[in-house]
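Asker: When you get a sec, could you build the whole thing from the sequences and use the hints?
There are 2 protein chains.
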Amino acid sequence: DEPPNPTLFTEMDTLQRDGDDMEWKESARWIKFEEKVEEGGERWSKPHVSTLSLHSLFELRTCLQTGTVLLDLDGYSLPQIIDDVIEKQIEDGLLKPELREKLSYVLLRKHRHQTKKPIHRSLADIGKSVSSNTGEPHRSMNDISDTPSTDQLKNKFIKKIPKDAEASNVLVGEVEFLEKPFVAFVRLLQATMLGGVTEVPVPTRFLFILLGPAGKAKSYNEIGRAIATLMVDDLFSDVAYKARDREDLIAGIDEFLDEVIVLPPGEWDPNIRIEPPKKVPSAEKRKSVFSLNEVGQMNGAAGGAGAGGGGGGSDDGEMFCGGLYLDIKRKLPWFPSDFYEGFHIQSISAILFIYLGCITNAITFGGLLGDATDNYQGVMESFLGTAMAGSMFCLFAGQPLIILSSTGPILIFEKLLFDFSKGNGIDYMEFRLWIGLHSALQCLILVATDASFIIKYITRFTEEGFSTLISFIFIYDAIKKMIGAFKYYPINSDFKPDYFTPGPPGQEPGSNALNLTALDWTQLSKKECLKYGGSLVGKSCKFVPDLALMSFILFFGTYSMTLTLKKFKFSRYFPTKVRAFIADFSNVFSILLFCGVDACFGLDTPKLHIPSIIKPTRVDRGWFVFPFGKNPWWVYLASALPALLVTILIFMDQQITAVIVNRKEHKLRKAAGYHLDLFWVGILMAVCSFMGLPWYVAATVISIAHIDSLKMETETSAPGEQPQFLGVREQRVTGIIVFVLTGISVFLAPILKYIPMPVLYGVFLYMGVASLNGIQFWDRCKLFLMPAKHQPDYVFLRHVPLRRIHLFTLVQIVCLAVLWILKSTVAAIIFPVMILALILVRRLLDFIFSQHDLAWIDNIIPEKEKKKEDDKKKKKKKGNKGDSSSDEEVGTGITLHLKISCPSSPAFNYSRNPICAVPQVKIEMESDYEDSDTEKAPRDMGSETTL
Amino acid sequence: DEPPNPTLFTEMDTLQRDGDDMEWKESARWIKFEEKVEEGGERWSKPHVSTLSLHSLFELRTCLQTGTVLLDLDGYSLPQIIDDVIEKQIEDGLLKPELREKLSYVLLRKHRHQTKKPIHRSLADIGKSVSSNTGEPHRSMNDISDTPSTDQLKNKFIKKIPKDAEASNVLVGEVEFLEKPFVAFVRLLQATMLGGVTEVPVPTRFLFILLGPAGKAKSYNEIGRAIATLMVDDLFSDVAYKARDREDLIAGIDEFLDEVIVLPPGEWDPNIRIEPPKKVPSAEKRKSVFSLNEVGQMNGAAGGAGAGGGGGGSDDGEMFCGGLYLDIKRKLPWFPSDFYEGFHIQSISAILFIYLGCITNAITFGGLLGDATDNYQGVMESFLGTAMAGSMFCLFAGQPLIILSSTGPILIFEKLLFDFSKGNGIDYMEFRLWIGLHSALQCLILVATDASFIIKYITRFTEEGFSTLISFIFIYDAIKKMIGAFKYYPINSDFKPDYFTPGPPGQEPGSNALNLTALDWTQLSKKECLKYGGSLVGKSCKFVPDLALMSFILFFGTYSMTLTLKKFKFSRYFPTKVRAFIADFSNVFSILLFCGVDACFGLDTPKLHIPSIIKPTRVDRGWFVFPFGKNPWWVYLASALPALLVTILIFMDQQITAVIVNRKEHKLRKAAGYHLDLFWVGILMAVCSFMGLPWYVAATVISIAHIDSLKMETETSAPGEQPQFLGVREQRVTGIIVFVLTGISVFLAPILKYIPMPVLYGVFLYMGVASLNGIQFWDRCKLFLMPAKHQPDYVFLRHVPLRRIHLFTLVQIVCLAVLWILKSTVAAIIFPVMILALILVRRLLDFIFSQHDLAWIDNIIPEKEKKKEDDKKKKKKKGNKGDSSSDEEVGTGITLHLKISCPSSPAFNYSRNPICAVPQVKIEMESDYEDSDTEKAPRDMGSETTL
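So the sequence lines, in the order shown, correspond to chains A and B. Each residue of the first sequence is one higher than the one before, counting from 1 in UniProt numbering. Each residue of the second sequence is one higher than the one before, counting from 1 in UniProt numbering.
Derived by calculation from the structure, the hints in this document are not laboratory data. Where hints are given, some of them may not hold.
No copy labels: a pair is met if it fits in one copy or bridges any two.
[Stated by the list, open to error] Subject to a maximum C-alpha distance of 27 Å in a straight line, what follows is the list of computed BS3-like cross-link-like pairs (lysine-lysine):
(1) Lys789 x Lys566
(2) Lys823 x Lys180
(3) Lys102 x Lys422
(4) Lys278 x Lys567
Answerer: Have a look at this one:
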């Protein structure tokens, strides 16, 4: 386990003749991919995959066989190194001694690098004559100097090169005085700064020189590109660093050739530059037969030390409150970082976005709750409750990325409860308090008994069904509210000022009769007219014009602008950072823009109105509900029954959202805390019940939006390398600030009143639509509309027949339709139970779909029994396969990968990742040339859960 | 020049063991690209480039060296062929005789093909048990039969295979009884139908069999893929058809290997399937060193027999009316096809689209002309004139794709003329008639003297400047009209029904004083109120609500919906034909939709109103203007002077549009006819002047829209091949019908009145934006906003420094700005002269930019003098280059391409393509591995025009 070799930066310079003078001109460079100098364009090409000709690789091989190879040369300056190389060639009889001077002269010519030229030079160029069509490029320092030149130091490209990097320089060119090629491959003992040879101040370790007789410049160029490409290859560079002799290098080339990918000339145009792929095979994967890396990959989030972790594990599972204890033990060390990691520019955007979502939600649910409970719980209670519950949860819960909110089912429950209380003479607030207390207790019991183990049955099927449903509700609500605006401010197509006629009482409208009443009705305003007993006649009387259409424009504008700006991240305009900024703040920009539009027109669109004084919505209630005295004693006990329903509702809603938030795709580092989450939901429920505030539970869509706005990506390093999704900025700061802001919104009312409601509905619509993205169910739905040959290359399509996929999707659609109908009727109260039913439906699918298919479509963790059966089957199959592939010969392109599943660890508990009690060894055939499985294989089916 | 070999369809079947039984299962197929059977998915993969391993190619080479090669075997059935092959192997001592039976048994197993399974089977699958996870695929007939099976005949894939195609079958597999591989390559003397071996009823010509000892299935598979890829390679298949012996085949492989493109393993993941490229190198290009094809490519539209042709050529140039004569001579043979080629479904969409554009234009200009000339020319005249001039032009002109219309400069001219006449007591209509007659005469003189030669100075610079300007005017007008709607129907933010108060005359509004007038003002409608001398007071009186916003929604909706539907062509949903239909009719769909939206709301939006009776707009004018009697005699002569201005205007407008329409990118087959076009414009001008109708000239934007809606593409043949742009449906039918429809619009008024004007403005906006697409100037403008590294890989960026490109673009922007300012002021009348100035500016650029740069950015045809200088320079340069590349050795990847420019031909006259008087031979270095010049090289700079 020696330290890895430094990264190699390769620069290729070609010999150019400028009149009588000669110089070395940089023509390409490599960190990982090739960047070429566009001669005419005087610019760097885009980084691309180096497509080589087989011919040049073979020629290179010959060059290394016949040329001079100097390994571990003790060089301190270019002239000395070149002297040594030439001396060696003369010694070996490869070079005539009389050419020494000439060669040395050529090899010590100046190096000219392709450095960016400022645009403003273009104006100065105008004066130049037509004949000089190539701008005079800058000449770098003479390469005799040992210290880096200012040009080298000024070159910003150094930022792209890792700090410990070393350079390899490739020099190719044709000269007239040589009769056969002069080839040298030099490795220096110590990486040495060779003055102006390299464009950046990076010490040189390797030097490849190819000078040949005139006439074959193209061929030399291709050979130069070949060695440069080899030098940046992870495996060959390793060989180059460790080679003891020429043969090692040749063997390295042969190894490279054996791995090479070949495109048939008739199916590919060699002039097409190939964009760097999203993922390249890692050196480790290529290197080792016994690939440890594979294991890490197989286990998904394994790198994140139990990101999917949580409660009752194998060792503490039996203990009372074991899950909760483990959750706390696991989350505590992260607590400080949960704060300092929150300070990042991205958090501001996330806070603004989520804050607006939260207050819209608070106002909507507050209004509806007010209607449902005769204002016992109104907008004020909704705001206070959201602020209090949300900030407490974000401060102490297991997964602070979850955002709490009121939800639809709870609203319906409250409505039914209020009606029941009213009808039966029971005091609503006290009754509700007791239900809340019972439910809180039940939640705590669920925590203590580690009941969250149920989430292992929440597979993709359930998860997607639930989150799609919630997204649909968001979209549906946003559109419904928009249509509401059309109903509230109807468009009067018959509007004519003519028809608008205030008339005295009892008068026939439109009749032209004389009127001798003392009042001049025409001079009255609408209000006065009504006051004096007049009536407004005609269709136009109650008409508020323009508002409906304006609301629509604001609504749709906000939505589509947010969508457009989000996509702007992938456009070509502006530097990457500017684009990222615009995309991150897309919602803020569009909200501001459409608030501006609204302000410009000055129409009386419905605005966001927030109560500005803190006091209960009803005057006959305070901030504390006394538990005794208003209801008979048996009500206190009987309330345990409705509480059970609330508990199921809270539990399911909370845990499914938590599962979605803790998805392994999110690459969370800090583990989940299902038990701790539920614990706090229970505690907050009790507090809210005492204070007469609404109950809170995890809100799926807003939580997803929260995560989406906190995603991190690598900043690209080598040109052409794709940024990788790193994970989510896991912290408590954004959540806490959002809810604190919600609390003090009461004081922000004068500012917030400029925000039109349609703009917020637009934000709602965007949240709903955005949370549908990346749901596999949704992708599968789209497949119905695509002819098979146009379907994207999803990995499950390669492994499961389309009709099985369609069937699976259809079952999901039917389930969703049933749930939708349920939630639209009074049966909504049994909604949580139906989600349990969803899990049941999923279990039934086991009888229709094979485990193989489910492994690809759904993400399953089969039980013990199934596992054993599967193992048997697999062994049988493997046996068959094994017969035909016992040959381990690498040359055929077949590699044996031993995949070891990870041993169980406490942190690995009820995650959705493959977990196992005992290490298992699986032998899998894999070929480097097998063109399937671009994506990860599905979860290890043979693993066992220890829950 | 023997006939080309048939296309080869290659199918690869692998030997599968199903229990004790064995069968051949189709695993991949090739027409040009590879399609693989996705095992689990039971479907065909997307066609992709076959990425091979170098290893498998070498193994294949060894196989062919050691195995049996039977060329021109006289086989009539599979059993007989297999017998022959086995016999030969035994003869050669490659096979033990006792294995004969076993081998024969294996090779005659059934073949199972991957045929589509209907989706509705999925429901039947539900009943199946979990264990059987692969649906039972259909078994094809036993391969002993000679007649094609029903499955073969039912296979729709046959449509993708050319009719004369032959099959090559690759069979690979592992068997236990063999100790060393059994390899055979068979070419049949006659292509023979071998029963169920091939999935389609295509006769087999080649058979490759590889059976080997168990354990190396993957390796055999790769070898099978390698030979299959070779068989579909144009060059190797040629070798395979003509090979005399084993050595020829080996040489073919070596040739293939030498051309092969290599991807380094560290920069590319072999599991990524590479999408087929847009263009692959043609077999001819790969085959021949002396590449004739190159010449065709260099000369752009040369294939289209003088698509850019036109007037006064070398031979007839001196003749009077020579250009016109040649135009007629060239266009006459196409005349019949101009009609029967118009009958195509696509024409309907084009007609509807262009018709709507035309009538909107006619109405707009008619209204404006009516304002400008006190209704001497109004909407009625505009309609009749458009119909008459347009249909005559489309019927007889040289380029019937051009759409005539009134244009802005003419409108301004008419306005000034009318004001001048009125101010000086000259009869406008008579004066105008004489100007028209003079101008028509001048046009005819220009035709007779072949003055259209000027178009050779219209380079991309001028062309783009002009068409961008016209596009901007379209966009500007559309938006201006939209904003006009906001002004005409202002949004009254203070609207309150309260404020709307009809009051008696002289009464203070809002005062509550008693009114003893006999009339009851409240009962009056607005009209009555005004009639009795009352006034409407308050802000809301003249307010028409909702119209402005509704108009905006209709306008923007139509525009963005058209844009979206156009893009739908490239989505994945629905079969290609449905998508093409939706995209072709996108404008019709969006117009219909938004007319429907408008009708739903029933608001009184401004509608398209067309006069319904044919009579002059003014009663004091008839349909014929008498030339004498109203003005003094000298006016008849003096009108020649303003006529000159009109002539320049007409000429420039007409010819630039014609140049744009005849762009070589449009691949027009039937030549242009600049002289004939101008001839008809002149004639029509005279007719219009006599009838008192507006003057007509080619309308740039609508003509481009016309062309865009008539574009043709190949219907894809081999899976993975990209559709190619074939050209434009050149015919006279669409144009004629459009103008006939315009004429009878007078009778369609009851239908057309449902179309809201904002919808038509939306269509205008779309036309303007769409015509900006594909303009290089516009692409270059966008470069200003892109960081260099994100810029697209435009070919000119590779060859011209960015600052030079920016400078060129800036000059264009300044010119455009000057033109815009000019056309917005009264100086608009010298607008045509300014376009001449544009040509001058372009000439000046020759002193700032090198010819090399201009060749890439602008499309230039240098003059004689320049050409000679250039030639000298080039020779000097070539000489230099030649020194270093006199070596013609092909092995270095350097190929010499001799490029012969075409000899001059009458049809090649003043086209914008490179043309030459004498054949010129240029020697150009080209390497197959040089990764530049993906696009065509710029025009041949060394060519000479014969104009």
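Asker: Hint by hint, note whether the structure agrees.
Answerer: Hints and how they fare:
1. Lys789 x Lys566: between (30 Å within a copy, 21 Å between copies)
2. Lys823 x Lys180: Classified as neither: same-chain Cα gap 85 Å, cross-chain 69 Å, threshold 27 Å.
3. Lys102 x Lys422: neither (107 Å within a copy, 89 Å between copies)
4. Lys278 x Lys567: Cα proximity of Lys278 and Lys567: in one copy and across copies (19 Å, 26 Å).
Checked against the numbered hints above, the structure breaks hints 2, 3 and satisfies the rest.
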